[in-house]
Each structure stands twice: as structure tokens, then as C-alpha cells.
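Let chain A serve as the given structure and place chain B on it in line with the hints.
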Amino acid sequence: MSSNHNIALTFLVLLILLSGCGGQSFQQGQILYQNFCANCHMDDGTGLAGNIPPLVGSSLVRTQQERIPCIIRYGQEGPIEVNGQVFNNPMAAIPQLSDIEITNIINYINHSWGNDFGYVKFEAVREALKRCEK
Amino acid sequence: MSTLKKSATLSLLLLALALLLSHCRERSLPILSKTHEENGKLVYEQIPDFAFIGQDSSRVDNATFAGKAYVADFFFTSCPTICPIMTHNMLRIYDHFKDNDKLLLLSHTIDPKRDSVARLRQYAENLGVRPDKWHFVTGNKDSLYEIADDYFNIVIEDPTLPTGFDHSGRIVLVDPNRHIRAYCQGTDSLAVKAFIKDIEILLDEF
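So the protein sequences, as listed, match chains A and B.
Taking my numbering, I'd label the letters of the first sequence as residues 156 to 289.
Taking my numbering, I'd label the letters of the second sequence as residues 36 to 241.
Hint data in this document are derived by calculation from the structure and do not stem from the laboratory.
One or more hints might be untrue.
Claimed, not checked - Looking from chain B toward chain A, a few residues come up when the C-beta cut is under 7 Å (computed):
(1) T116
(2) H123
(3) N161
To be verified - Not close to chain A: a few residues of chain B, all C-beta gaps over 12 Å, as computed:
(4) L47
(5) L64
(6) L67
(7) T70
(8) E72
(9) D84
(10) S92
(11) N97
(12) E181
(13) D185
(14) Y186
(15) I189
(16) R205
Stated by the list, open to error - Chain A is nowhere near these chain B residues, computed Cβ spacing over 10 Å in every case:
(17) S46
(18) A101
(19) R156
(20) K168
Where a beta carbon is used, it is the ideal one built from N, C-alpha and C, also for glycine.
Excised from the complex, chain A in its bound form:
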């Protein structure tokens, strides 16, 4: 076999492996999202008109990534502003989710429905959770 062939084959294997990895992490995030978030924020991240804020195109998710892990773990009380609109319904805490599960959910949200909010690292989520620990 020529070395050219070998290089091409290596790249192909690498590509398949990488695409597999990306898919896996979103897959867990997606399943968790459907089990813990979709009832209120909907499958398509649009929320419920006026009462539950959207996650798709959300100014809050985009600009305040460090707040999201804390909201997921400890819930949300009081008014919050999303895309210029104020929402004021409490969100229940989801204490049973681990740091890594929260990371996977956020990465799913960050890359779904046209959102392009970037990757959040596990370490960053852990740090954020430490700061808001109750």
C-alpha cells in the first residue's frame, strides 16, 4: 500500500471517530434536555409565550453562560429578562443532575435550533457551580 493511501485512511478513521465523539456528547445532552427541560421550554426551545422564556436565540443564554448551570441546579426565582421581555414565573431546581450532565445539557442548548453559543467546558461549569453553591 502506498503511504498516500495510509494517510488518507488515517484521516478517514480520525474523521469518523471525531464525528462520533461530537454526536455522543450532544446525544446525552439531548436525552437529558427532553427529560428535564422540554416540558416547559419545549422540544424546539421556544418556551411558552410570555410565561416561560425561550432558549432558542436567547440573549440570556448567549451572554450569561456562567448563570445557566446555577439556574439548572438551584432553579430561578424572581424576574429575568430575555430578549427584552421580562419573565417572572419560578423555575423548579433540578438537584439530581451532576456537573457533567449539566455541561452536556448546556452544550446541547448551545448548539441546537440554530443557536451557535459555543462549547462550554466541564471545568467552567464546575467553577460556576462552586460559586453559586447553596
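Below, chain B without anything else, positioned relative to chain A:
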């Protein structure tokens, strides 16, 4: 061909056309209400008398829906499980029939302790819906739980659940005679799509 023959052919054609068209007309909805026998005759049970308070503090009772059809469901504003999807689907129904005066909507809270009139008003205002079109009602807890049964819904207080309630998420269609004519699972968006077609069939009846 004689004129007589021509007109006979024409009327035959028209008759055939009329038959075809009538065949195309949508089926009418069955009555799904519970039945009992009275003097050997089958009687469909009506939605019983009720009186609740709406989000604008006015009385909402059977007279509110006189001469109209309405869809009814059961929910509570702080519900983190099936209610937001149900309300989302109720909003689809509201939007679809916004300009049709024959249809109203009725959402009962099953959590009257927390869902005050003020809270229901805020919830409805946030949705951006008209209070004379979509009534959000609260009232006596036992009355609310009892009437849920008449709308084919089950509501149970369950302290072991994080939310404190267990309830089924049916959306029910009631005709002007207080009979149930259709229902669907309020969390199933395909079922709700078919349900909207059912509502259209009923509204064509009167």
C-alpha cells in the same frame, strides 16, 4: 335531442353532482358523553351546572358558554410537567379560532390555593389572550376536582410527587348542548392537529 331530454340530462347531472358533494362533506362528530337509561331510552349526560371565578374576577358558569362550543382543560401555573405543553397546544387552538365567535376556551386550575385570580390574570395576560375568549378559572377545590371527572380528566393530590398533583392532560370539546363531542391528549401535538379538524366539523354544525 329534444329540449325535454336535454333538461332531463341536465337535472340528472346536477343530481349526481349534489350526491357527490354531499358525500364529500365531513362526517359529523359522535356524542361521547356518558349515558344512562331513562324510561327505556338512552340519555346522554350533560356537563353539570358549575360556577367558578375567571381571571377578570367575573363569574364563569354554564351561561358563559350558552350557544357556544368550548374546549376545556385542567392545569396549574407552576406545573413543571405536562401543563406548559398543554397550554402551548391550547394556544394553538386559540390562535386557530381567534376570530370565530362560536368557540371559547376554558382552563381550570387544579391548584386553587396558589393560583389566585391575580395569578391567573397575569398568566393569561402573559399569553396575550382575550379574557372573554379564553377563561382561566379557579374556585372551590372539591368542585374543580369533581368536574374534572365530567370532562374525562383525572385529578389526584399526591404529596409524594414533587409537584403535589397527578393529573391527566386531556383537552375536551363540548358542544352547545353540553355534550362531549371529541377529546385529545393535550401533550400530543399531532393529536391536537386532528382535534382542531374535529372542532371545525362541530362549528359547521351550528
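Status of the hints after comparison with the structure:
1. The restraint placing T116 of chain B at the interface with chain A holds, with a minimum CB-CB distance near 6 Å, inside the 7 Å limit.
2. Taking 7 Å as the C-beta cut-off, the interface hint given for H123 of chain B holds, the closest approach to chain A being about 6 Å.
3. Because the smallest distance between the Cβ of N161 of chain B and any Cβ of chain A comes to about 3 Å, under 7 Å, the interface hint for this residue holds.
4. Interface exclusion of L47 of chain B from chain A stands, the closest Cβ pair being 54 Å apart, more than 12 Å.
5. The Cβ of L64 of chain B sits about 29 Å from the closest Cβ of chain A, beyond the 12 Å cut-off, so the non-interface label holds.
6. Once the 12 Å rule is applied to beta carbons, L67 of chain B is consistent with being away from chain A; the minimum gap is 28 Å.
7. With a cut of 12 Å on Cβ distances, T70 of chain B stays outside the contact zone with chain A, its closest approach being about 36 Å.
8. For E72 of chain B, the requirement that its beta carbon stay farther than 12 Å from each beta carbon of chain A is met, with the minimum near 43 Å.
9. Residue-level check passed: D84 of chain B sits 31 Å from the nearest beta carbon of chain A, beyond 12 Å.
10. At the 12 Å boundary, the C-beta of S92 of chain B stays outside the reach of chain A, the nearest C-beta of that chain being 20 Å off.
11. Against the 12 Å criterion, N97 of chain B stays outside the reach of chain A, whose nearest CB is about 29 Å from its own CB.
12. At roughly 27 Å, the least C-beta separation between E181 of chain B and chain A is larger than 12 Å, which holds for a residue marked as non-interface.
13. No beta-carbon of chain A comes within 12 Å of the beta-carbon of D185 of chain B; the shortest separation is about 27 Å.
14. Even its closest Cβ contact with chain A, about 22 Å, leaves Y186 of chain B beyond 12 Å, as expected for a residue assigned away from the interface.
15. Separation of I189 of chain B from chain A is adequate, the least Cβ-Cβ distance of about 19 Å exceeding the 12 Å criterion.
16. With a cut of 12 Å on Cβ distances, R205 of chain B stays outside the contact zone with chain A, its closest approach being about 17 Å.
17. For S46 of chain B, the shortest C-beta to C-beta distance to chain A comes to about 55 Å, beyond the 10 Å cut-off, and the non-interface label holds.
18. The claim that A101 of chain B is not at the interface with chain A holds, since no C-beta of that chain comes within 10 Å of its own (minimum 29 Å).
19. Chain A leaves R156 of chain B outside its interface by the beta-carbon criterion, the shortest separation being 12 Å against a cut-off of 10 Å.
20. With a least CB separation of 15 Å from chain A, K168 of chain B remains clear of the 10 Å interface cut-off, as annotated.
Comparing the model with each earlier hint shows no violations; every hint is respected.
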